[in-house]
Amino acid sequence: MFVLATPIVDWSAMWKIFAVTLAAGAGVVVAFGFLLLGLKLANGSRANGSRASGSRLGGYTLAGVCGALCLGVIVVGVYAMTKKPKSKPTAKPKAAALIVPAPDPHV
Amino acid sequence: MGSTLVLVIVIVAAVSFDFTNGFHDTANAMATSIATGALKPVVAVVLSATLNFVGAFVSISVATTIAKGIVPASATAGAGGLSVVEAALIGAMTWNLITWYFTIPSSSSHALIGGLIGASIASVGSGAVSVHGIVQKVVAPGILAIFVCGIVAFLATSAAYRLIRRLGQEEARAGYRYGQIGSASLVSLAHGTNDAQKTMGVVALALISTGHLSATHFTVPIWVKLICATAMALGTASGGWRIINTMGNRITTVESPQGFAAESASAATILASSYYGYPLSTTQVVSGGVMGAGLGKRGGVVHWPVVGQMVLAWVITLPAAGLVGAAAWNIANVFGKHSQVGAVVIALLAAAMALGLWTLSKRNRVTARDLDRTGVTPEQEAEGAFAARPAAA
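The listed protein sequences correspond, in order, to chains H and X.
Take 45 as the starting number for the first sequence in our numbering and just add one per residue.
Take 12 as the starting number for the second sequence in our numbering and just add one per residue.
Hints listed in this document are in silico derivations from the structure and should not be mistaken for laboratory results.
Note that the structure is a prediction, hence the values are computed from the model and not measured.
In this text, a Cβ means the ideal position worked out from N, Cα and C, and glycines have one as well.
Treat the hints with care, since some could be wrong.
Said to hold, decoys possible - Straight-line C-alpha distance at most 30 Å; calculated DSSO-like pairs for lysine-lysine:
1) X:K348 / X:K51
2) H:K127 / X:K236
3) H:K127 / H:K60
4) H:K84 / X:K236
What the hints assert, rightly or not - For each label pair, taking beta carbons as the anchor points, the in silico distance ranges come out as:
5) H:A112 / X:G138: 52 to 60 Å
6) H:G116 / X:G347: 55 to 63 Å
7) X:S137 / H:T126: 38 to 46 Å
8) H:A67 / X:L323: 27 to 35 Å
9) H:Y123 / X:L237: 32 to 40 Å
10) X:V65 / H:A67: 49 to 57 Å
11) X:R177 / H:A63: 21 to 29 Å
12) X:L360 / H:I52: 34 to 42 Å
13) H:W55 / X:G136: 30 to 38 Å
14) H:T126 / X:I154: 41 to 49 Å
15) H:K127 / X:R177: 48 to 56 Å
16) X:N341 / H:K127: 37 to 45 Å
Work the whole structure out from these sequences, hints included.
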C-alpha cells in the first residue's frame with residue numbers, strides 16, 4: 045500500500061513539514077503561554093513587595109526567554125519567505141505545471 | 012495591435028483576479044483576530060492589506076517560477092496562448108465571486124488551476140491535462156494540508172488551555188489577543204509573497220509571450236509588481252466580510268487562545284510547506300487550523316454542516332472553475348479563432364457577472380460593523396456571550 049502511495053505523495057517532505065509545523069506552530073503557542081505566565085509571576089511578585097524579588101526576576105527571565113523564542117520563530121518565518129526554493133519548480137502545485145504544452149497554431 | 016489589445020485585456024483580467032483573491036483570502040489571515048476582538052475589523056483588513064502589499068515585494072521566486080520555470084514560452088506564444096490565459100483568469104475570478112456570494116472560503120489558487128485546466132482542454136483537448144499531476148500537486152496536498160494544520164492547531168490549543176488553568180482565564184485571553192495580531196500578520200505577509208506573485212507571474216508570462224519582456228534576462232518590471240501588489244492590497248482592504256464571518260464565526264466559536272493556535276499553526280504550515288517546495292492552499296490550511304483549534308478546547312464544538320459546505324466547495328472548485336474557463340474560451344471562439352472581439356466579449360460578460368453578484372450580495376450584506384467584537388471583554392468571551400453568527404446567505 046505504501047509503495048502505491050509513494051509517487052502521489054512525497055511523504056518525506058510531508059513528514060518534514062509536519063515536524064517543523066509542530067515545532068514552530070505548537071511551540072510558539074506554548075512559549076507565548078509561558079511568556080504570559082512569566083509576566084503574571086513577575087507582576088504578582090511586585091505586588092507582594094521586596095520579599096518576592098527573586099520570584100519577580102524569575103518571572104521576567106521566563107517572559108524574556110519565551111518572548112525571544114517567539115520573536116525567533118517570526119524571524120525564521122520571514123527568512124523562509126525570502127528563501128523560497130527556486131530550484132524545485134516541479135514539486136510546486138502551480139497551475140501551469142498541470143498543463144501539457146500545446147503546439148502554437150500560429151507557429 | 013491585435014495581440015496588444017488582448018494583452019491589455021489579459022492584464023486587466025489578471026489584476027481583477029488579484030483583487031478578488033485579496034478580498035476572498037483576507038479571511039484566511041484575519042478572521043479569528045476579528046472574531047475574538049483582538050482587532051477591529053477595519054484595522055485588521057488595513058493591516059492585512061499593508062502586509063500583503065509588502066509581501067508582494069519580498070521576493071520574485073514564485074513569479075519567476077510561473078513565468079519561466081514551468082511553461083515554455085512557445086506554449087503561450089501569440090493570441091492563442093493569451094486567449095487561454097484570459098479564459099482561465101475569468102474562470103477563476105467567476106468561481107471566486109460565486110463562492111464569496113455563498114460565503115464559502117475556497118482556494119483562489121485552485122480556482123486558477125481549474126480555470127487553466129478548463130481553458131486548456133477547450134483549446135487543445137483533454138490530452139493537455141495530466142490527471143496524475145492534478146492528483147499529485149493539487150488534490151493530495153490539499154487533503155494533507157487540512158490534517159497537518161488541523162492536528163497541530165488541535166495540539167497547540169490543548170496545550171494553551173492547560174496553561175490557561177495556571178494563568179487565569181481573563182489574563183490569558185487578553186494576552187493571547189496580542190499574540191493573535193502577530194500570528195495573523197505573519198499569515199498575511201506569507202499570503203502576499205505567494206498569491207500576489209502568482210498574478211505577477213501570469214502577467215510576466217503574457218508579456219514574455221508577446222515579446223514585451225525578455226525570457227533570457229528575466230525580471231518582473233516594477234510596474235507589474237506595483238499593479239499586482241496594489242490590486243491585492245485593495246482587494247484585501249475592501250474586506251471580504253462574508254467569508255470572514257464564515258471562517259471566524261460559523262466553523263466554531265473562536266476564543267483568543269484558539270485563534271492564536273489556529274493562526275500560528277497555519278503560518279507554520281504555509282511557510283514550512285513553501286520552504287520545502289510543497290506550497291499548499293492558504294484557505295484550506297487556515298480552515299484546517301480553525302477546525303483543529305475548535306476541537307482542541309474541551310467541549311469545543313465544530314459546526315460540521317458548515318464544514319461540509321466548505322469541503323463540497325473545495326471538491327468542486329477545480330471542475331467548476333474549469334467549466335467556466337472552458338465556457339469562456341468557447342464563447343470567445345464563437346467570434347473566430349483567437350479573435351479580439353471574442354476576448355472583449357468574454358471580458359464584458361465577466362464584468363457583468365461580477366456586477367450582478369455584487370448587486371445580489373447587497374440583499375444580505377455583512378458589514379465590518381456586524382463583525383466588530385472589540386467591545387467584548389475577556390470575561391464576556393469566557394462566558395461564551397457571543398455564539399456563532401448565522402449564515403449571511
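Evaluated hints:
no. : hint                        : in the structure
1   : X:K348 / X:K51              : violated, 51 Å
2   : H:K127 / X:K236             : holds, 19 Å
3   : H:K127 / H:K60              : holds, 17 Å
4   : H:K84 / X:K236              : violated, 46 Å
5   : H:A112 / X:G138: 52 to 60 Å : holds, 56 Å
6   : H:G116 / X:G347: 55 to 63 Å : holds, 59 Å
7   : X:S137 / H:T126: 38 to 46 Å : holds, 39 Å
8   : H:A67 / X:L323: 27 to 35 Å  : holds, 33 Å
9   : H:Y123 / X:L237: 32 to 40 Å : violated, 25 Å
10  : X:V65 / H:A67: 49 to 57 Å   : violated, 26 Å
11  : X:R177 / H:A63: 21 to 29 Å  : holds, 28 Å
12  : X:L360 / H:I52: 34 to 42 Å  : holds, 37 Å
13  : H:W55 / X:G136: 30 to 38 Å  : holds, 34 Å
14  : H:T126 / X:I154: 41 to 49 Å : violated, 29 Å
15  : H:K127 / X:R177: 48 to 56 Å : violated, 38 Å
16  : X:N341 / H:K127: 37 to 45 Å : holds, 42 Å
Violation of the numbered hints given earlier is confined to hints 1, 4, 9, 10, 14 and 15; the remaining hints are satisfied by the structure.
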